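J.: For reference, the chains in residue letters:
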Amino acid sequence: MKRRYLAVSAESNEPIQGKEVLDAVRNALTQLFGEYGASQAELALIRNNKQKHYFVLRCSRRALPMVRASTASLTEVNEKPAVIHVLRVSGTLKALRKKTVSAKLT
Amino acid sequence: MRRFADLHLKPSLEDLGQVRRMIIKSAELGFQIVGLSLPSKIGIGEVGRWGKICGDAGVELISRVDLAPRGRRELLNDLRRLRRRFEIVNVYCTSKMVARQAAKDRRVDLLSFPAAKFPKVFFDRAEAELASSALACLEIDMQPLLSLRGFARIRLLSVLRREVAVAKRLKVPIVFSSGATDMRFLRKPQDFASLGMLFDVGLPLALDALSETPLRIVKRNRQKLSPDYVASGVRVVRRRDCCLNE
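Heads up: the sequence lines are chains A and B, in that order. If you number the first sequence the way the numbering used here does, the last residue is 106 and the count never jumps. If you number the second sequence the way the numbering used here does, the last residue is 246 and the count never jumps.
With the rest of the complex left out, here is chain B:
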């Protein structure tokens, strides 16, 4: 049976009740893993508190940080500072320069492109080529699709269709997330998957975008963050306690 992950819940963290309700709702809808967008300055204790709330609801918490750097240097500084503190790193690509750097950096997990920035910034062939040789995936949030109406939604669908076509052509993995700020935008995984048909993502690929791909990212990052990780393909299998004393 498939396990589903919603890597992007972004409720207001000040409203503890709402966060709790959203986590419980996600669990009821069939997600086993939820990613909570956390502020970059959050302490370990607070992450543990959110983890406990998720544990009570029967879902696993993924700590996630959303970076929106203005330039390349700021992105590199943020990645150096934050990569080892969060399980998922997402970059909002607000300029071409940031998009190119984020796509080729192996520390970036997800790339998001605000539809409002189209046609100045969008997931084009150059970023897709860089991302396909690195590890970044294209993240598509569903909330704008549910909240926008009329011409704004038509435009969004057109941008998404174009980005998805580029991602498919260059084999860049796609991740679907709710991007939900409140309960109204939470749906079952199958319902999110069915929305994929609006921008030419077939059901099998859409289901992978909600399960296989995010789970693979989580597994890879957890391995990397483990104290036993040395480098890609190299890990500590046994430690000799006595070697320090000798």
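Next up, chain A with everything else stripped away, as it sits in the complex:
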């Protein structure tokens, strides 16, 4: 199955853990697309890069538009006001790392 990796950053006044982001995106997916849609996404947290303030999520390629819409629809994470921005999307972790680093430098 083809997959996509998303580098996402959480913007909030309070510290946010990767697990909280994953749960929030999963809940948003279920709210917007139902259990059937959420099951297609196969969402997982791959990396929790606290130092660089971004997380890496993985989903199926087919469900990428649904995951992006769910991520954009979030206004809070674990009852803390927060916004999740998708920094980069890639097909491999290596390419994602390169893209994210170059985006952070520019």
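Bear in mind the hints are in silico, worked out from the structure with no lab data behind them. Hints are supplied without guarantee of correctness; some may be wrong.
Said to hold, decoys possible - To list a few chain B residues with every Cβ distance to chain A over 10 Å, as calculated: (1) K10; (2) S12; (3) L29; (4) S40.
Said to hold, decoys possible - Dumping the calculated DSS-like pairs for lysine-lysine here, alpha-carbon to alpha-carbon at most 30 Å: (5) B:K10 - A:K80; (6) B:K188 - A:K80; (7) B:K25 - A:K80; (8) B:K188 - A:K19; (9) A:K94 - A:K2; (10) A:K99 - B:K25; (11) A:K99 - B:K188; (12) A:K99 - A:K19.
Fair warning: this is a prediction, and the values are worked out from it, not measured in the lab. Heads up, the beta-carbon is just placed ideally off N, CA and C, and yes, glycines get one too.
Since the structure of chain A is provided, determine the placement of chain B on it from the hints.
T.: Chain B only, in chain A's frame:
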């Protein structure tokens, strides 16, 4: 590379700090043009001040006025008074009469339909036919989509899906705007575009709704507001300074 425009920021203008932060954030998120909803009685100097803030942040300011007339006559009066002072004119269609008049008036750029008024007022086939032969576009604000929950959001999505279907059928351009009152409702253009799938707007059309369509409106209106504009397709190309003295 695409240029993106968010034609509808509506922060409280009294809180200068918040306006500045929102403009800077919009620039960081990838917008090159932002439209600020301004009061109709604003002076030119104040518009210039907002323009300077936008310039410092690296984005272009579009002056925009939101009209919410109660009737047809009030709408016509507002348009006569305000059209030449603002680059974008949006009309909140709170009644059928206003919606019909706004859709056929070539001075109106954007039509907004409050979801709360459905099914009394919504973007139906009649307005779409009028709008497609005039210049008005259907504006969809994203803030309600982000702030509403549960049944209210389900209802909103259903209304938007219906309006978008009518707009697509009659080829009325669609514009996506944030409609953001604070920072929590600002997103990247690609994220706004991805929200379009919730009401059957595919990614290419959604990206156009954030770039091509708003940029076309801005370009057209700037041409019209320029002193060289005479009429559609007619403009002054050269002036002879001496002709007044002769």
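J.: Each hint: holds or not?
T.: These are the hints, each one checked on the structure:
Listed as outside the interface, B:K10 is consistent with that label: its C-beta sits roughly 17 Å from the nearest C-beta of chain A, beyond the 10 Å cut-off. Distance to chain A confirms B:S12 as a non-interface residue, since its nearest Cβ pair spans about 18 Å, more than 10 Å. A beta-carbon of chain A is positioned within 10 Å of the beta-carbon of B:L29; the least distance is around 7 Å. Once the 10 Å rule is applied to beta carbons, B:S40 is consistent with being away from chain A; the minimum gap is 31 Å.
Of the pairs offered as hints, the one joining B:K10 and A:K80 holds, with about 24 Å between alpha carbons and a cut-off of 30 Å not exceeded. Annotation: proposed proximity of B:K188 to A:K80 holds, straight-line Cα distance about 21 Å (limit 30 Å). Between B:K25 and A:K80 the alpha-carbon distance is near 20 Å, which keeps this suggested pair within the 30 Å criterion. Restraint check for B:K188 and A:K19: satisfied, since their Cα atoms lie roughly 23 Å apart, inside the 30 Å limit.
For the proposed pair A:K94 and A:K2, the alpha carbon gap of about 15 Å is at most 30 Å, so the pair holds. With a CA separation close to 21 Å, the supplied pair A:K99 and B:K25 stays within the 30 Å bound. Our distance criterion of 30 Å between C-alpha atoms is met by A:K99 and B:K188, whose separation comes to about 17 Å. A distance of roughly 23 Å separates the Cα atoms of A:K99 and A:K19; the hinted pair therefore holds under the 30 Å criterion.
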